[in-house]
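A.B. asks: Work out the full structure: start from the sequences and follow the hints.
Protein chains: 2
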Amino acid sequence: MAANTHDVIMLFGDSITQGGWVPGGFGQRLAENYARKMDVINRGLSGYQTKWAIPMFEQIFAMQHQQLHVPKVQLLTIWFGANDAAPFPNRQHVPRDQYRENLEHLVNMVRSPTSPYYSPSTRIILITPPPVNSHQRQDRNFDATKSYAEVVNELGTALAIPVADVWTAMWDASGRDERALEKFLHDGLHLNEAGYEVVYNLIMKIIEEKYPEIHYDRLEMVFPPYWANVEVE
Amino acid sequence: MAANTHDVIMLFGDSITQGGWVPGGFGQRLAENYARKMDVINRGLSGYQTKWAIPMFEQIFAMQHQQLHVPKVQLLTIWFGANDAAPFPNRQHVPRDQYRENLEHLVNMVRSPTSPYYSPSTRIILITPPPVNSHQRQDRNFDATKSYAEVVNELGTALAIPVADVWTAMWDASGRDERALEKFLHDGLHLNEAGYEVVYNLIMKIIEEKYPEIHYDRLEMVFPPYWANVEVE
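Keeping their order, the protein sequence lines are chains A and B. Start counting at 1 in the first sequence, then tack on 105, and there's your number in this note's numbering. Start counting at 1 in the second sequence, then tack on 105, and there's your number in this note's numbering.
If you're looking for bench data, these hints aren't it; they were derived computationally from the structure. Glycine included, C-beta positions come from ideal geometry on N, C-alpha and C. Treat the hints with care, as some may be off.
[Unchecked claim] If you want the footprint, here are the derived chain B segments under chain A, 3+ residues with CB under 8 Å:
(1) 133 to 144
(2) 166 to 173
(3) 176 to 184
(4) 321 to 332
C.D. replies: Set out below in structure tokens:
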């Protein structure tokens, strides 16, 4: 049984988060760099949008009376929108206003003092959905996803939560050419290694600027370096 | 705070375990394949040998009275020897007999009903240290590491615990040519992606043959697939 020794970075989202364990994925990169400092917990749920995500998050994030016994979530990334933005009548579709409300609800579950999940020490990063290459992925719409990304940016400003704006970063890095997105998206929707590198860099930039105290360079190893053992022999 | 929703695979060892998060590493591969089924917890401690590992394991593995509150360790890999086998007077050196006793102690912490860490549901895999390419790594000795690998194989037989015999698998795959080990070891001691692939394959073969009930193909996802939500709408 695993003792509660390491704080964690929790990645919450859809298939793009679930896929973050691939070589070069943002989960893999975080885990490698935070080794011996924080564990990375991937709670990506393929196919989910914000409506289905809320009841899952009620199980994934510990309630206050449990929090003493479980790992402290120092950083939580919330990354939905790729499925919410699927056009109606796709059953994954969540209307834009509802998407915004659901995201705000997820944030408030952690940030509101009256929430049973209140965790004031948990830092949050919101992530915008990546731009869609609709030439490759015809069940998604470029402009719809763009407008869902805007919701995340607006919400981040309104709630004073940093946003990793993957949509804009990838769009700009593709020269604002939809077909050029294939550099980052292997199927028009899901990220390849280059895509995840963009995400990882945005997250680390936010950590450096907004949450420097949890940058891996600032954290001590949980267990002592081996030379500590050599010296006390 | 992270609720206790997923059982875990715990990787316990030295720098070769700690490095398991690299792209293609055995931690990365396990995490990718076990996504939504089990979490992978990397407790690799660079530079450690079995003597220094025991007091750390007393903190890493939960005691019985804590076990209800913490994730269940379904699989534990124990992988030391690369540092134990460093020749005296290297301060990491652990004599061969002591190495065997320490490994047995680690196993008994989990398997002995009288141990405060007793966890009968935790499956164990022992891993032999990889062969050393002493042309590249002059502070290690080829034959010494070989004899420490033999200890692990003997102990596995004696205790009826499956052994992932990385030493033999890499040695054979190198045509029993020490210089050819560079195919698997980037510095003569630590594994590259091809080296970790050998390790991952040995672990998955043991899971298939000895612990098939925890093969990722046999495990349900902890949270329902998204189409379960679609259907109940």
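A.B. asks: Output the numbers, in ascending order, of every earlier hint that fails for this structure.
C.D. replies: Violated: none.
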